[in-house]
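Please build the complex by placing chain E on the supplied structure of chain R, with the hints as guidance.
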Amino acid sequence: MNAIAPVGINAAAFLDRGDVKGNAQRQKAADFLRHAGLPRTGVEAWKYTSLRALADVPFATAPQAVDGGAVDTLLAEVETISGLGAAASRVVFVNGYFDAGRSRLPTGVKISTLAAGTLPDDGIDPAGDVTTALNTVLARDGLELVVPEGVDAGCLMLVSIGMTQEAAAVSFHPRHRIVVETGARLALLDASVGHGQYLHNPLYDIAVAEQGYLSHARIQAEGRQAVHLAVSHARVAAGGVYDSFTLTLGASLSRHEVHAGLTQAGASVHVNGAQLLSGHQHGDLTSVITHAAPDCVSRQTIKNVLSDHARGVFQGKILVERIAQKTDGYQMNQALLLSDGAEIDAKPELEIYADDVKCSHGATVGALDDDQLFYLRSRGIPDAAARSILIRAFLHDVVDQIDDQRLKDSLNLAVEAWWTREIA
Amino acid sequence: MPAVAETRKTVETLGQNTYKWGFETDIEMDIAPKGLNEDTIRLISTRKNEPEWLLEWRLKAYRSWLEMREPTWAKVHHPPIDYQDVHYYAAPRRKPGPRSLEEVDPELLRTYEKLGIPLHEQAMLAGVEVPEGQEARAPVAVDAVFDSVSVATTFRKTLQEAGVIFCPISEAVQEHPELVRRYLGSVVPVTDNFYAALNAAVFTDGSFVFVPKGVRCPMELSTYFRINARNTGQFERTLIVVEDGASVSYLEGCTAPMRDENQLHAAVVELVAMEDASIKYSTVQNWYPGDENGKGGIYNFVTKRGACRGARSKISWTQVETGSAITWKYPSCILQGEGSVGEFYSVAVTNNHQQADTGTKMIHIGRNTRSTIIAKTISAGQSDSTYRGLVRMMPRASGSRNFTQCDSLLIGDRCGAHTVPYIESRNMSARVEHEATTSKISEDQLFYCRQRGLSEEDAVGLIVNGFCKDVLKELPMEFAVEAQKLLQISLEGSVG
Numbered sequence: 001m002n003a004i005a006p007v008g009i010n011a012a013a014f015l016d017r018g019d020v021k022g023n024a025q026r027q028k029a030a031d032f033l034r035h036a037g038l039p040r041t042g043v044e045a046w047k048y049t050s051l052r053a054l055a056d057v058p059f060a061t062a063p064q065a066v067d068g069g070a071v072d073t074l075l076a077e078v079e080t081i082s083g084l085g086a087a088a089s090r091v092v093f094v095n096g097y098f099d100a101g102r103s104r105l106p107t108g109v110k111i112s113t114l115a116a117g118t119l120p121d122d123g124i125d126p127a128g129d130v131t132t133a134l135n136t137v138l139a140r141d142g143l144e145l146v147v148p149e150g151v152d153a154g155c156l157m158l159v160s161i162g163m164t165q166e167a168a169a170v171s172f173h174p175r176h177r178i179v180v181e182t183g184a185r186l187a188l189l190d191a192s193v194g195h196g197q198y199l200h201n202p203l204y205d206i207a208v209a210e211q212g213y214l215s216h217a218r219i220q221a222e223g224r225q226a227v228h229l230a231v232s233h234a235r236v237a238a239g240g241v242y243d244s245f246t247l248t249l250g251a252s253l254s255r256h257e258v259h260a261g262l263t264q265a266g267a268s269v270h271v272n273g274a275q276l277l278s279g280h281q282h283g284d285l286t287s288v289i290t291h292a293a294p295d296c297v298s299r300q301t302i303k304n305v306l307s308d309h310a311r312g313v314f315q316g317k318i319l320v321e322r323i324a325q326k327t328d329g330y331q332m333n334q335a336l337l338l339s340d341g342a343e344i345d346a347k348p349e350l351e352i353y354a355d356d357v358k359c360s361h362g363a364t365v366g367a368l369d370d371d372q373l374f375y376l377r378s379r380g381i382p383d384a385a386a387r388s389i390l391i392r393a394f395l396h397d398v399v400d401q402i403d404d405q406r407l408k409d410s411l412n413l414a415v416e417a418w419w420t421r422e423i424a
Numbered sequence: 001m002p003a004v005a006e007t008r009k010t011v012e013t014l015g016q017n018t019y020k021w022g023f024e025t026d027i028e029m030d031i032a033p034k035g036l037n038e039d040t041i042r043l044i045s046t047r048k049n050e051p052e053w054l055l056e057w058r059l060k061a062y063r064s065w066l067e068m069r070e071p072t073w074a075k076v077h078h079p080p081i082d083y084q085d086v087h088y089y090a091a092p093r094r095k096p097g098p099r100s101l102e103e104v105d106p107e108l109l110r111t112y113e114k115l116g117i118p119l120h121e122q123a124m125l126a127g128v129e130v131p132e133g134q135e136a137r138a139p140v141a142v143d144a145v146f147d148s149v150s151v152a153t154t155f156r157k158t159l160q161e162a163g164v165i166f167c168p169i170s171e172a173v174q175e176h177p178e179l180v181r182r183y184l185g186s187v188v189p190v191t192d193n194f195y196a197a198l199n200a201a202v203f204t205d206g207s208f209v210f211v212p213k214g215v216r217c218p219m220e221l222s223t224y225f226r227i228n229a230r231n232t233g234q235f236e237r238t239l240i241v242v243e244d245g246a247s248v249s250y251l252e253g254c255t256a257p258m259r260d261e262n263q264l265h266a267a268v269v270e271l272v273a274m275e276d277a278s279i280k281y282s283t284v285q286n287w288y289p290g291d292e293n294g295k296g297g298i299y300n301f302v303t304k305r306g307a308c309r310g311a312r313s314k315i316s317w318t319q320v321e322t323g324s325a326i327t328w329k330y331p332s333c334i335l336q337g338e339g340s341v342g343e344f345y346s347v348a349v350t351n352n353h354q355q356a357d358t359g360t361k362m363i364h365i366g367r368n369t370r371s372t373i374i375a376k377t378i379s380a381g382q383s384d385s386t387y388r389g390l391v392r393m394m395p396r397a398s399g400s401r402n403f404t405q406c407d408s409l410l411i412g413d414r415c416g417a418h419t420v421p422y423i424e425s426r427n428m429s430a431r432v433e434h435e436a437t438t439s440k441i442s443e444d445q446l447f448y449c450r451q452r453g454l455s456e457e458d459a460v461g462l463i464v465n466g467f468c469k470d471v472l473k474e475l476p477m478e479f480a481v482e483a484q485k486l487l488q489i490s491l492e493g494s495v496g
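Protein chains in written order, with our numbering: chain R, 1 to 424; chain E, 1 to 496.
Next comes chain R alone, as it looks inside the complex (with noise of 0.2 Å):
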């Protein structure tokens, strides 16, 4: 944040395929990475998350014409991870462009796409975080979704599927716009699935109106080269709702930083997650919920279970501005550490400047609970399943936090085939 960045670790790699001519977001981004290049961890927000990784990969731009055929299983494990059937409405992007043949499209919202080399003007600070200035930059498609006033569009799935050609590494930087106008509701499940080394790099442009209702929850589950660099902008206005939850299993690196603004009075955020990592996998979740207006409420829930050597970063933020009086703002993250070799790094942080206001925030971090795995093996439970039914209950706990049922089902669904996979 205020510390200074050495010059890059290797952001030209990235800028040198940057179509930045005659766009000032793009410009300005483009020269927010040249001068920052990409955060050392001697950076703040990124104190637990090294990109250094990206640094010696040379990603290159992600080809639109793939192998169908792959595509179509990836499409189909999403349907079974999901349990949502083939007949859902879906928006399907393959290596972060639209593919309208797998795509089918609900009716009575308005889609479109990113016309290639635009960007809209979205009034997102292109150079506020690497992340974003990277998608600014290097944005060719995304998908724009309008639920108009009042309309209720039900349950939409946005899918990424990512795959290498020909094993070289790419990087695909869609930006989704979604909108949901005054009084409207959606419940969007949004599943990120792949192959090979790509960098899959996406921003969420949210905008929920005065009594809008959107349940966002995204299954991230990468395949294990892939590095997930996620940024979701949110803003919510008066009596609106976005209840977020992001599911962290794939990707070797990744993270999914969350801005959400609650902008007038009334308006709520749930920001919330879980992430399952195994081997040497790295999951980093951080938000920064800002109090904007009076009576706002946020909630945030976030578990990690970390088994091998997985590394687990939470960095949570609410900032409760001077005019915010009245803002209730409870924060909770908790960690299961399941071998030696895990490490969890948690950071929830409080920044308050209106005296009148409630907010609080618990963490813990530990292993299951002895007395607890005492009770159920006392009544005759053996201690791989006793295991089984804690760990389940933990994550349990933070899913049935989802407001939407259907995407609640979908959500357990994926942590059942996740704990049957990796643990069980």
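No wet-lab data here; the hints were simulated from the structure.
Be aware that one or more of the hints could be misleading.
20 Å max Cα-Cα, derived SDA-like pairs, lysine to any residue [to be verified]:
#1 E:Lys75 <-> R:Val297
#2 R:Lys317 <-> E:Glu433
#3 E:Lys440 <-> R:Val297
#4 R:Lys47 <-> E:Leu390
#5 E:Lys213 <-> E:Leu179
#6 R:Lys358 <-> E:Arg414
#7 E:Lys361 <-> E:Arg414
#8 E:Lys361 <-> R:Thr364
Some chain E residues well away from chain R (every beta-carbon gap over 10 Å; in silico) [said to hold, decoys possible]:
#9 Lys60
#10 Lys157
#11 Arg452
#12 Lys473
Partner residues aside, some chain E positions facing chain R, computed with beta carbon under 10 Å [stated by the list, open to error]:
#13 Cys406
#14 Gly416
#15 Val420
Glycine included, C-beta positions come from ideal geometry on N, C-alpha and C.
Below, chain E alone, put in the same frame as chain R:
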């Protein structure tokens, strides 16, 4: 401590926002020219008649300091500090030892009087020979640091009989060089951070405590710190070593005269606790915070760290921070010995334009180590107060535990209170629990007190003292009463 009575008296006569220690003593000083270079360091070393190894140690620190940059991660803002615009050495001019109090510089005595030090203690402090017997009854030993030179140390003899060494560190360098050399910089290395390196290069004095094996220090040890001459940064160095099975309680109280220019204070405190040893370190920090417009005040950039080296050793930090324009301070514990215990109890109060970024670090290295952190933050006026704390469980810290509780109280809508805990765990059987809350004084509580006839300020004082109770009860008796008064004074004018 007589300061209690004195505090009470001062409270009664206090006008709003008046700094009670706002006086300045005018006595002859021996001052080094402004600026910092190797010559300054050699000058300090020569004046202190230091051995060669210490000079080399200072120079090493200075050379690494030149390579370092000021830390910028803390949530404090101040204009850039010109390190060349500071006197690095100032000492009261030495006269041959006075025979009686009449011979002592009357200005110095008046200062002690204002500090509330009784006459026989004043005599001790001024270095006057006092008949034996008087000292043995007093419960507190005082090492007063008057600017950069410890004027004198009281009760040394009683302590000596118990085998405890309590003296200015400059004297320890002369008389116990083997101890100082062994432990100095062993907890806070010269290259530890920007301010610690600066301190190592130019420290002028401080206290040295050594409690040998099995000795329970017979009295509480106390140091008054005062910053006196204009533009002299004060660089104290305190080293406390407690051997196996021994224990000590150390009090550090700080006051400084009122002045306009910002003053730099970069102290280093090192604690070493061996097997079964216990150190209790209590601080009341009440330096000049600047006036109500944020003008002046002390910059307090302190490195305090304790090493629990032996099994079952214990280090407990208690602090009440009400002063300074800027506080940058993280008393820490390195819990190396198996089953060692670290504690941190803190009350930090900021008012007007004060800024405080303070907290602790608990580094759990050994098995079954335990730590407790209780931090209470109170912000009023236009001040900003931050709790910043690290709890780290290293891979071998099996069975270790931490409990942290941080509570912030905001008084008024122009201040800020922030909580930034860092939790890092690399051991599955270690448990860390953290909770934090932010609130204001509730209308109900205020109404309840007002209804029973308390004035608004008394009511706030009562509520704030209740809020801080968990910390204040950890202070030694003498400090606890003074600290309560101090809280009230610090918050005067912040409500209503």
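Going down the list of hints, with the structure as the test:
1. E:Lys75 <-> R:Val297: Outside the cut-off at roughly 26 Å; violated.
2. R:Lys317 <-> E:Glu433: holds, 18 Å
3. E:Lys440 <-> R:Val297: holds, 18 Å
4. R:Lys47 <-> E:Leu390: holds, 13 Å
5. E:Lys213 <-> E:Leu179: holds, 14 Å
6. R:Lys358 <-> E:Arg414: holds, 17 Å
7. E:Lys361 <-> E:Arg414: The given pair, whose Cα atoms are some 29 Å apart, is violated under the 20 Å limit.
8. E:Lys361 <-> R:Thr364: holds, 17 Å
9. Lys60: Holds, because the least Cβ-Cβ distance between Lys60 (chain E) and chain R comes to about 24 Å, which exceeds 10 Å.
10. Lys157: Lys157 (chain E) clear of chain R: closest Cβ-Cβ about 50 Å, beyond 10 Å.
11. Arg452: Arg452 (chain E) is indeed farther than 10 Å from all Cβ atoms of chain R, at 24 Å.
12. Lys473: Check passes; 23 Å lies beyond 10 Å.
13. Cys406: With a minimum Cβ separation of about 9 Å from chain R (threshold 10 Å), the hint on Cys406 (chain E) holds.
14. Gly416: holds, 5 Å
15. Val420: Holds, because the Cβ-Cβ distance from Val420 (chain E) to chain R comes to roughly 5 Å (cut-off 10 Å).
Figure legend: structure checked against the earlier numbered hints; hints not met, in rising order: 1, 7.
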